[in-house]
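**Student:** What follows is the residue order along each chain.
There are 6 protein chains.
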Amino acid sequence: MFKPVAVRNIPRADQAVVDDLAQLGVATVHEAQGRVGLMAPYMRPVYSDQRIAGSAVTILAQPGDNWMVHVAIELCKPGDILVIGVTADSTDGFFGDLLAHSAKARGVRGLIIDAGVRDTRDLKEMGFPVWSKAIHSKGTVKETLGSVNVPIVCAGVCVNPGDVIVADDDGVCVVQRQHAATVRDKGKKREEAEVAKRVRLQAGELGLDIYNMRPRLEEAGFVYLDSLDDLNK
Amino acid sequence: MFKPVAVRNIPRADQAVVDDLAQLGVATVHEAQGRVGLMAPYMRPVYSDQRIAGSAVTILAQPGDNWMVHVAIELCKPGDILVIGVTADSTDGFFGDLLAHSAKARGVRGLIIDAGVRDTRDLKEMGFPVWSKAIHSKGTVKETLGSVNVPIVCAGVCVNPGDVIVADDDGVCVVQRQHAATVRDKGKKREEAEVAKRVRLQAGELGLDIYNMRPRLEEAGFVYLDSLDDLNK
Amino acid sequence: MFKPVAVRNIPRADQAVVDDLAQLGVATVHEAQGRVGLMAPYMRPVYSDQRIAGSAVTILAQPGDNWMVHVAIELCKPGDILVIGVTADSTDGFFGDLLAHSAKARGVRGLIIDAGVRDTRDLKEMGFPVWSKAIHSKGTVKETLGSVNVPIVCAGVCVNPGDVIVADDDGVCVVQRQHAATVRDKGKKREEAEVAKRVRLQAGELGLDIYNMRPRLEEAGFVYLDSLDDLNK
Amino acid sequence: MFKPVAVRNIPRADQAVVDDLAQLGVATVHEAQGRVGLMAPYMRPVYSDQRIAGSAVTILAQPGDNWMVHVAIELCKPGDILVIGVTADSTDGFFGDLLAHSAKARGVRGLIIDAGVRDTRDLKEMGFPVWSKAIHSKGTVKETLGSVNVPIVCAGVCVNPGDVIVADDDGVCVVQRQHAATVRDKGKKREEAEVAKRVRLQAGELGLDIYNMRPRLEEAGFVYLDSLDDLNK
Amino acid sequence: MFKPVAVRNIPRADQAVVDDLAQLGVATVHEAQGRVGLMAPYMRPVYSDQRIAGSAVTILAQPGDNWMVHVAIELCKPGDILVIGVTADSTDGFFGDLLAHSAKARGVRGLIIDAGVRDTRDLKEMGFPVWSKAIHSKGTVKETLGSVNVPIVCAGVCVNPGDVIVADDDGVCVVQRQHAATVRDKGKKREEAEVAKRVRLQAGELGLDIYNMRPRLEEAGFVYLDSLDDLNK
Amino acid sequence: MFKPVAVRNIPRADQAVVDDLAQLGVATVHEAQGRVGLMAPYMRPVYSDQRIAGSAVTILAQPGDNWMVHVAIELCKPGDILVIGVTADSTDGFFGDLLAHSAKARGVRGLIIDAGVRDTRDLKEMGFPVWSKAIHSKGTVKETLGSVNVPIVCAGVCVNPGDVIVADDDGVCVVQRQHAATVRDKGKKREEAEVAKRVRLQAGELGLDIYNMRPRLEEAGFVYLDSLDDLNK
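Protein sequences appear in the order of chains A, U, Y, W, G and D.
For the first sequence, our numbering begins at 1 and goes up steadily by one.
For the second sequence, our numbering begins at 234 and goes up steadily by one.
For the third sequence, our numbering begins at 467 and goes up steadily by one.
For the fourth sequence, our numbering begins at 700 and goes up steadily by one.
For the fifth sequence, our numbering begins at 933 and goes up steadily by one.
For the sixth sequence, our numbering begins at 1166 and goes up steadily by one.
The hints are simulated quantities; they were obtained by calculation from the structure and are not laboratory data.
Please note that a few of the clues may not be correct.
In silico DSSO-like pairs for lysine-lysine, Cα to Cα no more than 30 angstroms straight-line [what the hints assert, rightly or not]:
hint : chain 1 : residue 1 : chain 2 : residue 2
1    : A       : K142      : Y       : K608
2    : U       : K421      : Y       : K469
3    : W       : K841      : Y       : K654
4    : G       : K1074     : Y       : K469
5    : G       : K1118     : A       : K142
6    : W       : K803      : Y       : K663
7    : W       : K823      : Y       : K654
8    : G       : K1009     : D       : K1353
9    : U       : K430      : U       : K419
10   : W       : K803      : W       : K776
11   : U       : K337      : W       : K887
12   : Y       : K699      : D       : K1362
13   : A       : K142      : A       : K124
14   : A       : K77       : G       : K935
15   : G       : K1129     : A       : K124
16   : G       : K1129     : Y       : K608
17   : W       : K896      : D       : K1307
18   : U       : K357      : W       : K885
19   : G       : K1074     : D       : K1307
If you want a taste of the chain W side facing chain D, the calculated C-beta under 10 angstroms gives, among others [what the hints assert, rightly or not]:
hint : residue
20   : F701
21   : D713
22   : A715
23   : A721
24   : V735
25   : Q761
26   : D788
Note that beta-carbon positions come from the ideal geometry of N, C-alpha and C, so glycine has one too.
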C-alpha cells in the first residue's frame, strides 16, 4: 500500500565507518558483504574519478515528477546521499543545477537516481557527483505525491533510509546500516590480503599457482593440448 | 550481508483473499494499492490468457545457478508461487519441464523469474504458467549458494516471502501480505465503480463529461481551434 | 513552441482509399510510397491477426499523463485511429479497457501508441486492436496539458492529423493524406505484379533468373566456388 | 579478408540424424553437446509451436541488402535451412512472402535470420517457419555483394555451411556437422534419463533427494532457519 | 511519398539569435519552448564539453548509405549543422574524418546523426563536435538515393531544414526557425529568474519555501512521520 | 561439442605487421579487409585514447565464471591480447586489478571481453587498456570449465587463437592471422590515398566532385529544387 509520507528521523551509520567504506570502493565492499547490494550496471557516473559514501535519504518518486526531491532535501544532514527510485521506468531529467546547489548547501555528498539528470556540465563544475540511468534535459512536474525515507528499490537493489551508499567508477553498492561496521572490517581484511597477492602477481607469479588451481582443473577433466590440431584427433 | 539460508516457515495471506486478488487482475490490484508493487514491463507471460495469484516463496539465486530452486520447492505449499530474483543480470534458462513437474506436484501455481526459462512448449502443454524476462535454452549449474524465503528484488520490486503475487497478461504485481485484505476490498470497490462508468462510456458518453474535465482544461489554459491553420495565427 | 490546443476539424482521406490501403497491408503500402513512413520495429500488436487502416487523430501526450486521450476521443469520427506520441520515453499504461470502450463507441478503429497499454485481455476480447511499445499496468495521471490534432512524432515517424494509418502484424505505416490515393494505386499495381512472380517462384523458378541477376553478379565480381576448400587457394 | 563468393557444394549431415535432432529439441540438443552453440535469446519464432532441423546454407549479408538470399536459394536442397548473418546490426525486413515461396519450392525447411522479416501473416499461413531478431516491413536493396556458404556468425554463434540447425519455441541451436551423430546419441540418452526423473518428480519426490543435494548443501554452509526472525539473531 | 531531391535554398534564423541559443544551452532552451523538441537520450556527444547551435541542413539517409551527406555538404553555409535521420535503424559509421574535414572547410559547426560515426579520435583532435547514437567503424555505401533539406525525424523529433539545433552535454534540442527569437527571449528571462533562485538555494534556503510548496503538500494529503516505525501504526 | 581444453601453442602473426595494424587503426583496417571482422558497437573502451594491436589468446568462458582467465594468462606471450567470449549473456565483472597486474606482468597488451570488468580506475591508472560490454563490480566464481585458445565468438565476430586484434576509440576489429600482412598492405595504400583526398577536402573541394558523383546522381533520378515549396508542385 502506498502512503504519501516523509519520515523525519532516520538512523545513520557511524560517519567514520561510512568514510572507510568510501576508501574501500565499490568492488571491495561488494565482495566483503557476500556479493549482494550492487545496483545494475546501467547506473553510470555523470563524470568519472569520483568515489563517495554516505547515508541514504531515500525518495520514492513518480515517473516524470520531482516534487519529492524538494521534500527530501530539507531532511538531509551533512554526509547524506540522495537515492531516488521511481515507480515506473523514466529517463526524464529529475535533477539539475538548482537542486544540486540546494543539496550541496545542505551538505549532501551526491545523488543516485534510477532515471535521468540534466545540467551535467554544471554538476561537474560545481563538484556534485551523480550516478544515473540517463542524461536527459526533459524536465519534470510537481503534481503527484511520492514518499521520502521509506524503503525503495533503486536499480534493482532495495535501499532502506540510513543504509550506506558507496559509489565510484565501478558503480553503486548498498550496505545495510546495521552491517556497515562488519562489512568495513571484512573489506579491510580483504584489501590487506590483496596487497600481498598483487605483489606476487606483479612479479609474474601465476594465479594458477597462488590459488593452487592445477589439481582442481585436472580433477574436473581439463586437458592441455599442444596445438589446436589435436582438438579433433 | 549475504547469508546462505532457507527459511522453513513463512506467513501466508488468507487463501480466499489471494483468490479474490487473482479475480481482480493486475491492473486493478495495482491501482487499488496506490500504484506501487508493479514489476518492470519486460516481465512477460510465456504463454497468454493466464491469471493467477499465490503466496510468494522467494529465491535469491546467483546468475546462471539454479541450485536454490530445488531447495525452495521442498518448502512450497499448495497455492504458492515461486519468485526468483538474481544477484546479477542473467538470461540463462533456470527452469524447465522437470522443475515444473516437481513444482506442480507440490501444488505450486506458477513461476515469476527475473531471468530465463526453457522447455516452453512443455510448460504450456502441462499448464504451468510462467512470467519471465527471457526464453533461453542455456542451462544452469548448481555450484553457488543463494537463499530461500528471504526478501528479494525481482524485476524492480521488493518481494518478501509470503507476499501475494498477482500475474496476468498485463504483467506481475506484488501485494504486501499484511495489506492483502485491504487491497482486495479497495480493488472490489474500484471494480464496482468501473462497471457503471463502462456502461456510460459504451453508450457513447464522454470521459470529458463523466469526469467533469472541461472546467479544469479551460482553467489550465487549454484552447480549442477550428483548424490547424489557426495554430500559428 | 508548445501550445496546449485541440484542433476540432481535420481533413480526412477518402474512406474507400483508406479501406483499400488496409487491404494492401503495411509491407506493400510502405514499398508503394517509396519506403518512408514506417514506424520503428518495437511497435507490436497487442494481439495478432489484425489489419486495419484509418484516419489519424493525433495526441501529443506528456509522459505518464493520459489527459489528452479524453479530449481526443470527443473529436474522433467513425473510421479514425488514435495515434499517441509522448514528449519523453514512457512505458506507462496510458490506455485500458474503459478508454477502449469509449473509443469504440465513437467508431474508432484502433490505437497506435508510442508507450504502454493495459487490460490487454479485455482489449482482445472486445476486439479493439492496439499497436504499442509496451504492455504495463502502471496507470497515468491527468495533470499536464498536451495537444490534440497537431503534428506529432510516433515511433520515429511524423504523423499529421488526418494522415492514413495502416497497421497489421508487420507493424505500422503512415501515409500522408494528400498522397493516399496515389499510394493506393501504386500499391495495387505492385500487388498485381507480385501475383505473377509468386506463381513463378512457387513453381521453382529462381529469383536469380526472374530478376536477371546473373550478369550483374558477375559484373560485380561475384565468384562461384565448387567447395569451401577453394576459398583460400 | 572478405571475398564475394558462393560455394556450390557443401557437406551435409545424415538426414536421419538431422530429423532425430529435431525430435530432441533445442534444450536437449544444447545440453547434449556440452552447452555450446546456442543463439542469443533475442532470436524468436515468428509464429510458435514449430520444431525443425536442417542443414545450414549460410549467407553473409550486408545490412539492408538481401541480394545474397537469391543466390543462396539456388544452392539449397530439400531439408536445408537458410541461416543469415549480417555484417552490421540491422532490423530491416530481408525476407518476405515471395522469398518464402521460392525457398519452400526448393524444399527449404525454414529461415534463421539475425535481422528482420516481413509478411509474417503470409509466412504463418503458408507454413514457413522463421526465427528472427525483428519483424519490420522495411525492404532491402540488392546492391552490395556478400557471400553464400562461408562460415558466418549468426546471433552470437559461428555457423559453418552444412552444420545442423535445430530450432523450436526455446530458440535456435547449431550442431557442428561432424558431431551431429554423437550429439544425437547423447541427446537420446539424456532424454531417456529424464523420463525416469520426470516420473519421480511428478510423483512428488524432490530434486534435493533425487540428486542427493543435501550433504553438499550442508558442506557448503547452507543453513535452515525456522523463521525469518532468526536471520538477524 | 518519397522523392529523391535536394533543396538548394533554405531559410535560416538570425545568426545572433542562434548564437544566443547556444549560450542558453539545451536544458534552458527546452524549457523555454514548453518542453518540446528534445531528441531521445541515446543521442550522446562523441566528446564532451561542447556547446553549439546552428541552422539545420537536413539529410534523409537510407540505412548504411551516406551518399546524401556529400550532396548536403555542398548546400551548407557557415554556421550550419548537419542533421541526419535514417529510414530504418542503423548503427553504421556514416561519417568519419574525411567528411568532417569537408564539412569543416564549408563552415559547418557540427553533426547530429541518428546512427553511427567513426574516426572519433580525429573528430576530437580537429574539433568537430558530433552527437550520435553509436560509434562504429562499419563503413557505408553510396547506392541508394535519399533526400537533402526535406523535413526529417531525427531521434524522435521532426526537424525542418533551417530549424535551429542546440546541442551540449545534456543532449540535442530542435527550435523551430520561426520561433527562434521568441524562444531566445523566454530562455533569457528564465535564466535571469534562475540566478536569484540559485543564490538563495546556495545559501541553504529550501525549494519547499522558495516555491511555497508546503500548503499544497498538506492539501494533497502528504504526512510527516517522526520515524519509519510510525508508518504501519 | 564442447571440450574443456587449453591449447598451449598457437601461431602468431609477425610482430611488425601487428604493430603496423595498430598504427592504421580500426576504421582503416576494417575497410582494408573488405568490411568484415568488426565487433558490435556495444564494445567500448573503459578509458579512451588507446590504440593497440596484438595476437589473440582466446577464452571461452561460462557466464559469471572467470576460472579460464587464470589458465589463459600462463599461455600468453608479450604482445598478446586476451579475448573473452562467454557462452551466454553476462555483465558480471570477470576481470579486475589483480588479473590486470598478472596479465601485464606477462606482457599482455590489453583485454577484449564480451562481458563486464571492474576496478576500472585501477585499470586506467596502471595503463592496462580494456574494451568491454559493461562495467560491473559483480565478481565471478571459478566452478565450471571453459576452454582456452579455441575458436570463439566475441561480440559477433569469430576469433581464432592467434588472430590479430586491433582496438581503439572506434571499437575492435579482428584480422585473420593468415591475412594480416595483406590487410596491412591494403590499409597502408588506403591511408596514403586518403592523405591526398583529405588535403583537397580541407581546401573546400567537394566529395561530389572528387568522387565524380554528379552524373550518377542525375542518372539515378536525383533532382535539385530551388525551394521546399517546389516539392509538392
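**Student:** Give me the numbers of the hints this structure contradicts, sorted from smallest to largest.
**Tutor:** The structure conflicts with hints 2, 4, 8, 12, 14, 19, 21, 22, 23, although it agrees with all the remaining ones.
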